[in-house]
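We have chain A already, so just place chain B on it with the hints.
Listed in order, the protein sequences are those of chains A and B.
Just so we're aligned, residue 4 is where the first sequence starts under the working numbering, counting upward by one.
Just so we're aligned, residue 3 is where the second sequence starts under the working numbering, counting upward by one.
Think of the hints as simulated: they come from the structure by calculation, not from any bench.
If you're wondering where the values come from, they're calculated on a predicted model, not measured in any experiment.
A couple of the hints might just be wrong.
Claimed, not checked - Pairs of lysine-lysine residues, derived as DSS-like cross-links and limited to a Cα-Cα distance of at most 25 Å, are as follows:
{"no.": "1", "chain 1": "A", "residue 1": "Lys171", "chain 2": "B", "residue 2": "Lys279"}
{"no.": "2", "chain 1": "A", "residue 1": "Lys171", "chain 2": "B", "residue 2": "Lys5"}
{"no.": "3", "chain 1": "A", "residue 1": "Lys171", "chain 2": "B", "residue 2": "Lys44"}
{"no.": "4", "chain 1": "B", "residue 1": "Lys60", "chain 2": "A", "residue 2": "Lys186"}
{"no.": "5", "chain 1": "A", "residue 1": "Lys23", "chain 2": "A", "residue 2": "Lys71"}
{"no.": "6", "chain 1": "A", "residue 1": "Lys186", "chain 2": "A", "residue 2": "Lys135"}
{"no.": "7", "chain 1": "B", "residue 1": "Lys280", "chain 2": "A", "residue 2": "Lys186"}
{"no.": "8", "chain 1": "A", "residue 1": "Lys71", "chain 2": "B", "residue 2": "Lys280"}
Claimed, not checked - Ranges of calculated distance between the beta carbons of each label pair, as one might list FRET restraints:
{"no.": "9", "chain 1": "A", "residue 1": "Ser120", "chain 2": "B", "residue 2": "Gly257", "range": "36 to 42 Å"}
{"no.": "10", "chain 1": "A", "residue 1": "Ala136", "chain 2": "B", "residue 2": "His201", "range": "43 to 49 Å"}
{"no.": "11", "chain 1": "B", "residue 1": "Ile296", "chain 2": "A", "residue 2": "Met63", "range": "47 to 53 Å"}
{"no.": "12", "chain 1": "B", "residue 1": "Gly67", "chain 2": "A", "residue 2": "Asn175", "range": "20 to 26 Å"}
Said to hold, decoys possible - Sample of chain B residues lacking proximity to chain A, with all beta carbon distances greater than 10 Å (derived):
{"no.": "13", "residue": "Ala18"}
{"no.": "14", "residue": "Thr28"}
{"no.": "15", "residue": "Ile72"}
{"no.": "16", "residue": "Asp134"}
{"no.": "17", "residue": "Thr140"}
{"no.": "18", "residue": "Arg237"}
{"no.": "19", "residue": "Phe243"}
{"no.": "20", "residue": "Asp290"}
{"no.": "21", "residue": "Ala304"}
{"no.": "22", "residue": "Leu306"}
{"no.": "23", "residue": "Val325"}
Cβ atoms here follow ideal geometry from the backbone N, Cα and C, with glycine treated the same way.
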Amino acid sequence: MNPRNDNIIDLASAQRSSRKRVVQTLFERHAEALRLFLRGRSVAPEEIDDLLQELFTRLMDAHRLEEKMADSTGSSRSYLLTMANGLMVDRWRKEQVRNAHADAVRNVEQGHTDELSPERIVAAQMELEAIKAVILDMPLNWRVALLLQRMRNMSYEDIALHMGVQVKQVDNYLVRALRRLRKARRRIEAAGEQSC
Amino acid sequence: MLKNLREIMGGGAEHALHRLWSDQLTEPEAAAIQARAAGDPKYRDDLDGLLAVFDSIKGLEGDAGVEEIIRDHQRLLHKRRSRVRVTLGMAAGLLFAVSATLTFFSISRGPDDGHLQKYFTRIGELRTIELDDGSVVTLNTGGQLVVDYSGPMRRILLERGEAYFMVAEAPDRPFAVDLGLRSVTAIGTEFNVRKDPQHYEVAVVEGAVSIGEFADAAAQHRLEAGWVAEVDVQRNELKAFRPDSMDRYTGWRNGMVSFSREPLYQVIQELNRYTRKKILIEDAAVMDLSVYIIVNIHEIDAALDGLEGMLPIEITRHYDRIVITGSTGD
Numbered sequence: 004m005n006p007r008n009d010n011i012i013d014l015a016s017a018q019r020s021s022r023k024r025v026v027q028t029l030f031e032r033h034a035e036a037l038r039l040f041l042r043g044r045s046v047a048p049e050e051i052d053d054l055l056q057e058l059f060t061r062l063m064d065a066h067r068l069e070e071k072m073a074d075s076t077g078s079s080r081s082y083l084l085t086m087a088n089g090l091m092v093d094r095w096r097k098e099q100v101r102n103a104h105a106d107a108v109r110n111v112e113q114g115h116t117d118e119l120s121p122e123r124i125v126a127a128q129m130e131l132e133a134i135k136a137v138i139l140d141m142p143l144n145w146r147v148a149l150l151l152q153r154m155r156n157m158s159y160e161d162i163a164l165h166m167g168v169q170v171k172q173v174d175n176y177l178v179r180a181l182r183r184l185r186k187a188r189r190r191i192e193a194a195g196e197q198s199c
Numbered sequence: 003m004l005k006n007l008r009e010i011m012g013g014g015a016e017h018a019l020h021r022l023w024s025d026q027l028t029e030p031e032a033a034a035i036q037a038r039a040a041g042d043p044k045y046r047d048d049l050d051g052l053l054a055v056f057d058s059i060k061g062l063e064g065d066a067g068v069e070e071i072i073r074d075h076q077r078l079l080h081k082r083r084s085r086v087r088v089t090l091g092m093a094a095g096l097l098f099a100v101s102a103t104l105t106f107f108s109i110s111r112g113p114d115d116g117h118l119q120k121y122f123t124r125i126g127e128l129r130t131i132e133l134d135d136g137s138v139v140t141l142n143t144g145g146q147l148v149v150d151y152s153g154p155m156r157r158i159l160l161e162r163g164e165a166y167f168m169v170a171e172a173p174d175r176p177f178a179v180d181l182g183l184r185s186v187t188a189i190g191t192e193f194n195v196r197k198d199p200q201h202y203e204v205a206v207v208e209g210a211v212s213i214g215e216f217a218d219a220a221a222q223h224r225l226e227a228g229w230v231a232e233v234d235v236q237r238n239e240l241k242a243f244r245p246d247s248m249d250r251y252t253g254w255r256n257g258m259v260s261f262s263r264e265p266l267y268q269v270i271q272e273l274n275r276y277t278r279k280k281i282l283i284e285d286a287a288v289m290d291l292s293v294y295i296i297v298n299i300h301e302i303d304a305a306l307d308g309l310e311g312m313l314p315i316e317i318t319r320h321y322d323r324i325v326i327t328g329s330t331g332d
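So here's chain A without its partners, still in its complex pose:
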């Protein structure tokens, strides 16, 4: 075998094993937080192991994970919870689609709706635009707090530090921003569905 190829393989597996250590550390460090979070997300005890396994796989494949962990502005805890949430949201969406199209897809091959069809991509794009519009329409402090949490994975304490306000104030901004999103949700979903 070509020795150069061997090197490449070694490097890849070395990266893989170092990534595994990062993910394991992440799991260990935030085991308690993750457990509480899943509880609050109403995950049934028998599903937890399954879900954690999937989360592990996702993190092993996550783009620029080490870079994100090394970034001192973000909290690894917040990142982990966001990944766990993403997983559950995916499951929930599939279920929604399955329920909504239960009749329509009766004749269609099972699993069809899980695929990323061009229509689904456009729908997601429209939805994202609608979300953006809602965020841009929020008072400055609300949207800054929300975006720092989402885009920078910052903890509430860090957002407070960053914005120069009390943590209580950050709680206040976030709850208001989220309430606005909750109320706009039907509109956001409609934007996605329209394009289907």
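Relative to chain A, chain B alone:
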């Protein structure tokens, strides 16, 4: 906290989502979210839907408009800070150099704040931090500090809480702790600093420190080992005294807090710093009972049992708080 539980049980799904990402999420809160979602399909749908929207926001990463909001905010923040600086400077009627120190940390915070290291402790947590120069800081419960070693001075901003400093000697690089309105500069030493909203406290264990006033750069107070200085923030008054023992200022590092003949309400106030489940005295008659006790801060429950044994009080533990009342007689 009771307020959070109430909001989860009675408020919109946004409260639950907000708590889910909080570092302070508690077991009862998680259980309450789960219970409400299980019993209320509309709420469950609301929460799932909101979490999905919340997740989708991630998709805006790299979006020029969104990145601009974050950047713009940074600029705005800087403008607001400089305005605050001017007002403060005028209020003090003095020196802009003075207020420049005040905003020193906040202004340099931003995307380029890589040289600042931030440290936190949670309620009940102690943390020992070894700094690059060999100095060692121990941060007490619920504390927050920022370290800036990038300049000619070694600077620490104690944002809140209590910290014990063992300063490594470096004569040409002063070691200063900023408290907001005062700063403490070490002169090769060990000292404890506590910052409460209305009250600063500096206790010198070894060597000496100099306490500077931001409103008056010339006013420097030298404090020697064995002395404690207290600053009343509102009145901007400093008084110094020599306590019988320094245990009170150093003991916490080993997890011990001692009280000698102090009123119960003060003891409880102190214990409340170390526990998330708050202790309340609901009986004025027992507030001033004199207490002599040494408490292990990791075992507040045991300390309460001890208090109950030696004082005419009764302790009732609720799921979210602990209440002290006068004993009804055995």
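Hints and how they fare:
Between A/Lys171 and B/Lys279 the CA atoms are separated by roughly 18 Å; this keeps the pair inside 25 Å, and the hint holds. Our distance criterion of 25 Å between C-alpha atoms is met by A/Lys171 and B/Lys5, whose separation comes to about 12 Å. As the CA atoms of A/Lys171 and B/Lys44 are separated by approximately 28 Å, the hinted pair breaks the 25 Å bound. With a C-alpha separation of about 19 Å, the suggested pair B/Lys60 and A/Lys186 falls inside the 25 Å cut-off, and the hint holds.
Annotation: proposed proximity of A/Lys23 to A/Lys71 holds, straight-line Cα distance about 15 Å (limit 25 Å). Proximity of A/Lys186 to A/Lys135 is assessed by CA-CA distance (about 14 Å); at most 25 Å being required, the pair is judged to hold. Only pairs whose Cα atoms come within 25 Å are accepted, and B/Lys280 paired with A/Lys186 is rejected, the gap being roughly 35 Å. Between A/Lys71 and B/Lys280, the direct Cα distance comes to roughly 36 Å. Violation of the 25 Å bound is thereby established for this hinted pair.
The given range of 36 to 42 Å is broken by A/Ser120 and B/Gly257, whose C-beta atoms sit roughly 60 Å from each other. At roughly 47 Å, the beta carbons of A/Ala136 and B/His201 sit within the given window of 43 to 49 Å. Restraint check, B/Ile296 to A/Met63: a C-beta distance of roughly 50 Å satisfies the suggested window 47 to 53 Å. Remark: the range hint 20 to 26 Å for B/Gly67 to A/Asn175 is upheld by a beta-carbon distance near 24 Å.
A beta-carbon of chain A comes within 10 Å of the beta-carbon of B/Ala18; the shortest separation is about 7 Å. Listed as a non-interface residue, B/Thr28 fails to keep its Cβ farther than 10 Å from every Cβ of chain A; the least gap is roughly 8 Å. Listed as outside the interface, B/Ile72 is inconsistent with that label: its C-beta sits roughly 6 Å from the nearest C-beta of chain A, within the 10 Å cut-off. Distance check on B/Asp134: its Cβ is at least 15 Å (rounded) from any Cβ of chain A, clearing the 10 Å threshold; non-interface status holds.
Taking the minimum C-beta to C-beta distance to chain A, about 19 Å, the non-interface status of B/Thr140 holds against the 10 Å cut. With a least beta-carbon separation of about 23 Å from chain A, B/Arg237 lies farther than 10 Å from that chain, consistent with its non-interface assignment. Against the 10 Å criterion, B/Phe243 stays outside the reach of chain A, whose nearest CB is about 32 Å from its own CB. Every C-beta of chain A lies more than 10 Å from that of B/Asp290, the closest at about 31 Å, which supports listing it as non-interface.
With a minimum CB-CB distance of about 23 Å to chain A, B/Ala304 clears the 10 Å threshold, and the non-interface call stands. At roughly 25 Å, the least C-beta separation between B/Leu306 and chain A is larger than 10 Å, which holds for a residue marked as non-interface. Remark: the non-interface label on B/Val325 is consistent with the geometry, its nearest Cβ contact in chain A lying 24 Å away (cut-off 10 Å).
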